[in-house]
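2 protein chains.
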Amino acid sequence: MRGRIIKESIDLFDKKGFSKTSIQDIVDTIGVTKGTFYYYFKSKQELLRDIHLNYIKELLKEQEIILRDEYISFEEKMQKLIYLIIKNIRVHGKSARVFNREVRHLDEEQVKSVNVYRKEFRFNLQKLIEEGIEKGEFREHLRSDIVIFGILGMVNRSYNWYKPDGEVTEEELVSIYMDLILNGIKSEPNSK
Amino acid sequence: MRGRIIKESIDLFDKKGFSKTSIQDIVDTIGVTKGTFYYYFKSKQELLRDIHLNYIKELLKEQEIILRDEYISFEEKMQKLIYLIIKNIRVHGKSARVFNREVRHLDEEQVKSVNVYRKEFRFNLQKLIEEGIEKGEFREHLRSDIVIFGILGMVNRSYNWYKPDGEVTEEELVSIYMDLILNGIKSEPNSK
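Chains as they are written, first to last, in the working numbering: chain L, 32 to 223; chain R, 32 to 223.
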């Protein structure tokens, strides 16, 4: 039931917005009473927080599996992590969109509890860049924090325009991003 | 007065959200009557649309000046265009944030009228990439549409975390992005 409430409320928040969706709307859609809602969530805010916690904790678990793999290069890890985010657009795009738009309705404590995990995801990527630099796979003198903000901005924003069932497959999108991130757009110098 | 209404309503929408801000709230803040509001705007929706039209038309004008310059390379044009977006965070960050969050309150016609200009900005950048490829400044076989979605995601998203008065100056941020976009993060191969 908890999962069902989360799923239906994501749809409602996406369509009507968080403010205009009442707990009554949510329980009416599922066909249960308000009591059922309050059994799982203290408030609409807590539900919104849990929508994102669900999503980000799942991502973190999958991130950890990729980062732990000792048999692939940093470049391959980066590719798998970007694929992880792109693949998630299909499954969690709506939930990410709702969260980004409605985060202002959470109180400070709730925002903090979500940001702990968001930061962890970001710092793990930063560490990947730094280790890759150390091992000579990535260029020296990169500012890993800003590079990761840039890469995440690029990849995360895809949920705004990318259609998983459109002309470009998820694999193609990942490979275009990887090429851009690894090699940039400048043509090779004729000589050096 | 029109500019004043736009300015104050951006602040209110940012703080309270579009749904929870009434026209009464807006005119009370400025100390005028509702009549004054309706002299300039048909509705709150129209005001929201105009907030973004103002912002994007201004950007387009500045973009055109940069694109028209015949004495600089494509790389320099790209750099100036990215600087234009970053610089705008200081001035229009709040307005961009409000728009992205509240765009769902606009009707189809209003969204369309804004998207015409957003697309123009994006297509101009795509053309820059394509001309740069033709002239040999940028690599061949780039998919200009997705590359530009990626670059815009990266740069635009900065308004979410970048503090213009923090440790990293606007110029430094632009140069980190340009380095990433042009060269990527991969270390140079030892030989070929």
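In case anyone wonders, no lab produced these hints; they're calculated from the structure.
One should not assume that every hint holds.
You can't tell identical chains apart in this list, so a pair holds if it fits in one copy or across any two.
What the hints assert, rightly or not - Derived lysine-lysine pairs resembling DSS-like cross-links, with alpha carbons at most 25 Å apart:
hint, residue 1, residue 2
1, K118, K158
2, K125, K47
3, K73, K217
4, K194, K118
5, K150, K194
6, K88, K65
7, K217, K118
8, K143, K125
9, K158, K194
10, K143, K194
11, K51, K217
12, K75, K51
Original post:
How would you label the pair K75, K51 (within, between, both, or neither) given a Cα cut-off of 25 Å?
Top reply: Answer is both: 11 Å inside a copy and 17 Å across each meet the 25 Å cutoff.
Subject >> Identical-chain pair category, K150 with K194, by Cα at 25 Å >> reply: Intra 27 Å, inter 17 Å, cutoff 25 Å: inter-copy only.
Original post:
When no copy is specified for K118 and K158, does a C-alpha distance of 25 Å or less occur within a copy, between copies, both, or neither?
Top reply: within (22 Å within a copy, 29 Å between copies)
Original post:
Between K73 and K217, at a C-alpha cutoff of 25 Å, which is it: within one copy, between copies, both, or neither?
Top reply: neither (53 Å within a copy, 48 Å between copies)
Original post:
When no copy is named, should K217 and K118 be tagged within, between, both, or neither for a Cα gap of at most 25 Å?
Top reply: So K217 and K118 pass the 25 Å test across copies only (24 Å; inside, 28 Å).
Original post:
From the Cα coordinates, with 25 Å as the cut-off, is the pair K51 and K217 best called within, between, both, or neither?
Top reply: For K51 and K217, neither the intra-copy (48 Å) nor the inter-copy (47 Å) Cα distance is at most 25 Å.
Original post:
Checking K158 and K194: alpha-carbon separation at most 25 Å within a copy, between copies, both or neither?
Top reply: So K158 and K194 pass the 25 Å test across copies only (23 Å; inside, 31 Å).
**OP:** Using 25 Å as the alpha carbon limit, work out where K88 and K65 are close: within a copy, between copies, both or neither.
**Re:** Neither: 27 Å inside a chain and 48 Å across chains, both beyond 25 Å.
**OP:** Could you figure out if K194 and K118 sit no more than 25 Å apart (CA to CA) within one copy, between two copies, both or neither?
**Re:** within (11 Å within a copy, 31 Å between copies)
Original post:
Between copies, within a copy, both or neither: which fits K143 and K194 at Cα up to 25 Å?
Top reply: between (31 Å within a copy, 19 Å between copies)
Original post:
Using 25 Å as the alpha-carbon threshold, which applies to K125 and K47: within, between, both, or neither?
Top reply: Close inside one copy (13 Å) and across copies (23 Å); limit 25 Å.
**OP:** Could you figure out if K143 and K125 sit no more than 25 Å apart (CA to CA) within one copy, between two copies, both or neither?
**Re:** both (22 Å within a copy, 22 Å between copies)
Hints 3, 6 and 11, counting from the list given before, are not met by this structure.
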